[in-house]
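K.L.:
Spelled out, the chains give:
There are 2 protein chains.
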Amino acid sequence: MYNVVVVGASGAVGREILKVLDERQFPVGELRLCATSRSAGKQMVFRGKTITVEETTPDSFKGMDIALFAGGAASKQFGPGAVEQGCVVIDNSSNFRLDPAVPLVVPEVNPGDVRWHKGIIANPNCSTIIMVLPLKAIADAAGIKRVVVSTYQAVSGAGMEAMEELTAQTRAVLDGGEYTPKVFPYPIAFNLIPHIDVFQEMDYTKEEWKMVKETRKILHNDHLPVTATTVRVPVYRSHSESVNIETEEKLSATRAREVLAAFPGIVVMDDPEKKEYPMPLFCSERDEVFVGRIREDNSVPRGLNLWVVSDQLRKGAATNAVQIAELVIRYGCLLRG
Amino acid sequence: MYNVVVVGASGAVGREILKVLDERQFPVGELRLCATSRSAGKQMVFRGKTITVEETTPDSFKGMDIALFAGGAASKQFGPGAVEQGCVVIDNSSNFRLDPAVPLVVPEVNPGDVRWHKGIIANPNCSTIIMVLPLKAIADAAGIKRVVVSTYQAVSGAGMEAMEELTAQTRAVLDGGEYTPKVFPYPIAFNLIPHIDVFQEMDYTKEEWKMVKETRKILHNDHLPVTATTVRVPVYRSHSESVNIETEEKLSATRAREVLAAFPGIVVMDDPEKKEYPMPLFCSERDEVFVGRIREDNSVPRGLNLWVVSDQLRKGAATNAVQIAELVIRYGCLLRG
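Line by line, the protein sequences give chains A and B. Using the UniProt record's numbering, the first residue of the first sequence is number 1, and each one after it goes up by one. Using the UniProt record's numbering, the first residue of the second sequence is number 1, and each one after it goes up by one.
If you're looking for bench data, these hints aren't it; they were derived computationally from the structure. Since the structure is predicted, the reported quantities are computational estimates derived from the model, not experimental observations. Treat the hints loosely; a few may be bogus.
Copies of the same chain look alike in the list, so a pair counts if it fits in one copy or across any two.
To be verified - In the DSS-like style, the derived pairs of lysine-lysine whose C-alpha atoms are separated by at most 30 Å in a straight line are:
{"no.": "1", "residue 1": "Lys76", "residue 2": "Lys182"}
{"no.": "2", "residue 1": "Lys206", "residue 2": "Lys182"}
{"no.": "3", "residue 1": "Lys118", "residue 2": "Lys206"}
{"no.": "4", "residue 1": "Lys213", "residue 2": "Lys274"}
{"no.": "5", "residue 1": "Lys118", "residue 2": "Lys275"}
{"no.": "6", "residue 1": "Lys145", "residue 2": "Lys206"}
{"no.": "7", "residue 1": "Lys118", "residue 2": "Lys19"}
{"no.": "8", "residue 1": "Lys49", "residue 2": "Lys145"}
{"no.": "9", "residue 1": "Lys206", "residue 2": "Lys250"}
{"no.": "10", "residue 1": "Lys145", "residue 2": "Lys213"}
{"no.": "11", "residue 1": "Lys182", "residue 2": "Lys42"}
{"no.": "12", "residue 1": "Lys250", "residue 2": "Lys213"}
{"no.": "13", "residue 1": "Lys42", "residue 2": "Lys145"}
{"no.": "14", "residue 1": "Lys76", "residue 2": "Lys275"}
{"no.": "15", "residue 1": "Lys42", "residue 2": "Lys76"}
Let the hints inform the model, and build the full structure from the sequences given.
P.N.:
Listed below in structure tokens is the structure:
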């Protein structure tokens with residue numbers, strides 16, 4: 001049994017982490033739930049036991065084996081101290097993802113990278129995790145020359161308040177009322193916002209650069225050409241992505257379907273005749289990455305179009321983090337005996 | 001003054017045609033409004049005058065100079081007969097678009113094609129019209145090697161009933177009720193459907209092939225490599241498109257902005273610092289094509305990413321059709337006197 005602390009336990013990702021720990025029968029010994037002072041005092045239930053959320057302090061990691069950080073700035077503040085106390089940190093924020101000393105892991109794709117961790121293991125960006133599973137399947141079968149991706153991202157990627165904002169704003173639109181956006185820069189109800197996270201170099205958003213740089217790191221391919229456009233859509237849960245892949249070798253749609261279906265963590269959902277393709281409404285609260293609309297790209301000799309959907313709170317965050325914790329245990333690379 | 005008949009006058013596109021004819025001060029003499037028997041008898045107002053919608057018959061085109069067909073099967077049934085009676089047909093359906101004897105026209109892009117019409121002029125698919133303006137601007141400046149487009153299409157592309165379905169279904173979701181989809185194959189409220197029009201060869205939808213084949217015809221480039229993924233989103237009005245373009249020559253983002261801003265019918269809306277980019281909510285009931293998120297593609301030596309939004313009922317349908325009618329008059333290529 002392992003002592004586990006969840007930091008950011010009361011947020012959208014934190015809640016999913018608790019569910020996933022339970023569903024996957026993770027060998028939890030002591031469970032500590034932490035958050036900012038704002039959420040301290042809240043009560044949450046895990047395996048029938050009520051646990052009070054505490055404010056995160058350096059002492060929160062004392063005697064703990066594994067810390068799961070749900071996101072935000074907390075891992076910067078408390079992560080290194082937790083490691084010093086012998087606690088392996090699995091961090092869902094972007095704070096350490098591109099640090100060369102920190103492995104960035106998707107267990108189906110690069111599990112071995114867990115082995116060289118020095119205390120912190122980073123969980124990739126949600127949109128990146130979702131894309132990188134099919135990319136790895138295709139890369140292994142035919143090599144990848146270039147990726148062009150456009151995303152359709154659910155509001156829950158911006159937390160629970162974003163979900164509440166979508167509900168309240170949608171109601172206001174239908175009832176002819178007013179609702180001033182708080183979480184998003186513009187109304188998201190019946191709208192699209194082509195802007196996720198802050199703008200950076202070349203006028204790409206940070207979210208777009210994450211998809212470029214994290215994909216390269218996970219696939220161990222420092223110069224893989226990837227370009228991304230990331231867009232927020234009025235959907236509660238599950239990110240969708242239109243992924244265009246130029247391959248080194250020709251891969252037929254039929255063979256691509258086989259290769260994708262055989263890859264762990266992927267479910268192929270692709271039968272046009274039966275109107276079968278992944279949709280966010282039906283892929284939510286699931287752990288798999290769903291791939292459909294698998295087509296040979298008509299515009300190049302060797303290329304594919306894919307439509308990829310997955311619950312970004314599950315595989316895109318909580319599930320992936322818990323899977324990393326499982327690998328840490330399986331590979332025997334905890335920090336304390 | 002010209003006698004005009006609008007076929008499908010009471011639908012989503014038909015209503016916009018009436019508005020656009022009025023706003024653009026089109027020289028309308030007699031105006032006849034036609035539709036299927038289901039809508040016959042409805043009353044509509046044009047320039048203060050109430051007009052009763054009649055059922056379309058071969059006689060509807062007698063004495064008319066210009067027929068604007070809003071869409072559907074009507075132009076197949078009545079179009080050739082209208083031409084025989086001396087009436088120029090401007091058709092918003094897909095019935096004649098790929099017919100080599102029929103010009104397919106976007107007035108800012110290939111106005112000259114109006115001149116060789118033999119009675120029927122086709123109005124392109126809405127998603128195609130919206131994309132082809134920026135493509136032409138870029139093609140003229142730097143040449144185009146390949147286009148990868150993913151769409152985010154509003155429900156009004158499927159008519160007024162689709163808008164009502166989005167409203168009723170959204171209410172049902174918020175209130176915990178039930179709503180069985182009628183227009184779309186699956187729920188569209190808080191969902192995405194990667195399936196527009198019927199599936200065809202290579203598992204592409206007809207909508208996706210339209211974007212490939214119509215773009216080639218309009219740009220007079222029979223082999224232009226274009227690949228498309230078309231997706232319905234829970235937005236009422238205005239289609240959005242993530243367009244990736246590989247160019248023949250290098251075009252900087254700055255130069256691309258200039259070239260796009262100088263192109264007729266395009267409005268550049270692109271200032272990341274001020275959070276300025278096109279969004280469907282704010283581009284509706286406008287006639288222009290809005291382009292933003294203009295970025296050099298980091299994955300190739302010569303390429304661009306664009307985010308394009310336009311009201312598909314206006315520029316994507318009604319406005320473009322009325323602009324074609326204006327060209328027919330300007331070029332003096334009516335069929336009668």
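K.L.:
Are the hints correct? Go through all of them and say.
P.N.:
Tested hints:
1. Proximity of lysine 76 and lysine 182 under a CA criterion of 30 Å is satisfied intra-copy only: 26 Å inside one chain copy versus 50 Å between copies.
2. Within a single copy, lysine 206 and lysine 182 get their C-alpha atoms as close as 20 Å, which meets the 30 Å cut-off; across copies the closest is 40 Å, which misses it.
3. In this assembly of identical chains, lysine 118 and lysine 206 lie within 30 Å of each other by CA distance solely inside one copy; the values are 26 Å within and 53 Å between copies.
4. Proximity of lysine 213 and lysine 274 under a CA criterion of 30 Å is satisfied inter-copy only: 26 Å between copies versus 37 Å inside one chain copy.
5. In this assembly of identical chains, the alpha carbons of lysine 118 and lysine 275 never lie at most 30 Å apart, being 47 Å within a copy and 39 Å across copies at closest.
6. Taking CA atoms no more than 30 Å apart as the test, lysine 145 paired with lysine 206 passes in both settings, with 23 Å inside one copy and 28 Å between copies.
7. For the homomeric pair lysine 118 and lysine 19, the shortest alpha-carbon distance inside one copy (27 Å) is at most 30 Å, but the shortest distance between copies (66 Å) is not.
8. Taking the closest pair of Cα atoms, lysine 49 and lysine 145 never come within 30 Å of each other, the shortest separation being 51 Å inside a single copy and 61 Å across copies.
9. In the homo-oligomer, the alpha carbons of lysine 206 and lysine 250 lie at most 30 Å apart only across protomers (25 Å), although the nearest pairing inside one protomer, at 33 Å, exceeds that limit.
10. Taking the closest pair of Cα atoms, lysine 145 and lysine 213 come within 30 Å of each other both inside a single copy (15 Å) and across two copies (26 Å).
11. With identical chains, the CA atoms of lysine 182 and lysine 42 are at most 30 Å apart within one copy only, with a shortest distance of 23 Å there and 44 Å across copies.
12. Proximity of lysine 250 and lysine 213 under a CA criterion of 30 Å is satisfied in both settings, with 26 Å inside one chain copy and 24 Å between copies.
13. In the homo-oligomer, the alpha carbons of lysine 42 and lysine 145 never lie at most 30 Å apart, since the shortest distance is 49 Å inside one protomer and 57 Å across protomers.
14. With identical chains, the CA atoms of lysine 76 and lysine 275 are at most 30 Å apart between copies only, with a shortest distance of 28 Å across copies and 46 Å within one.
15. For a Cα distance limit of 30 Å, the shortest separation of lysine 42 from lysine 76 inside one copy, 24 Å, qualifies, whereas the shortest one across copies, 66 Å, does not.
In summary, the structure is inconsistent with hints 5, 8 and 13 from the numbered list given earlier, while agreeing with the others.
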